[in-house]
Amino acid sequence: MSNWSIEEAERVYGVSQWGGGYFQIGENGNVHITPVPEDPSIRIDFNSVIEDIRKEGVQFPVVVRFHDILRSQVAGLNKAFRKSITEAEYQGEYQGVYPVKV
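With this note's numbering applied, the sequence shown corresponds to residues 696 to 797, in that order.
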């Protein structure tokens with residue numbers, strides 16, 4: 696694997712295809728998380744998260760949640776519904792309720 700590169704990792708894993716702007720391969724080759732897409736300066740090296748979890752003595756597997764990603768996704772859903780409601784000239788009441796497994 697001496698020829699392994701970030702470009703090769705992207706080709707193999709396709710992070711840009713499924714990451715929704717939240718996940719990228721960083722310059723160091725690790726997965727990086729951008730939990731607030733509007734602020735790309737906030738980047739978290741996922742490997743450092745894993746190392747911190749290990750140091751705490753937590754048993755794997757674990758679930759790691761990024762609340763800013765959840766908030767962003769719900770905001771996107773609400774925006775899409777508001778747009779559709781406006782386009783359809785819907786006059787009724789709307790209250791979005793999203794069952795989220797957290």
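In case anyone wonders, no lab produced these hints; they're calculated from the structure.
Backbone N, C-alpha and C define an ideal beta-carbon position, used for all residues, glycine too.
A hint or two may mislead.
Claimed, not checked - Dumping the calculated DSSO-like pairs for lysine-lysine here, alpha-carbon to alpha-carbon at most 30 Å: (1) Lys796 - Lys750; (2) Lys778 - Lys796; (3) Lys774 - Lys750.
To be verified - Computed beta-carbon distance windows for the label pairs: (4) Lys796 - Glu751: 18 to 26 Å; (5) Gly716 - Val744: 17 to 25 Å; (6) Ile780 - Asn742: 24 to 32 Å; (7) Glu702 - Glu782: 15 to 23 Å.
- Using the C-beta atoms of glutamate 702 and glutamate 782, is the stated range 15 to 23 Å upheld? violated, 40 Å
- Message: If I claimed the Cβ atoms of isoleucine 780 and asparagine 742 lie 24 to 32 Å apart, would that claim hold in this structure?
- Response: violated, 42 Å
- For the pair supplied as a hint, lysine 796 and lysine 750, is the alpha-carbon distance within the 30 Å limit? Satisfied, since the Cα-Cα distance of roughly 27 Å is no more than 30 Å.
- Task: Take the C-beta atom of glycine 716 and the C-beta atom of valine 744, compute their distance, and say whether it sits inside 17 to 25 Å.
- Result: holds, 18 Å
- Can the suggested window of 18 to 26 Å be confirmed for the beta-carbon pair lysine 796 and glutamate 751? holds, 23 Å
- Would you check the hint for lysine 778 and lysine 796, treating anything up to 30 Å between C-alpha atoms as holding? Since the Cα atoms of lysine 778 and lysine 796 sit roughly 26 Å apart, the hinted pair holds (cutoff 30 Å).
- Task: Would you mind confirming whether the straight-line C-alpha gap from lysine 774 to lysine 750 stays at or under 30 Å?
- Result: violated, 40 Å
Figure legend: structure checked against the earlier numbered hints; hints not met, in rising order: 3, 6 and 7.
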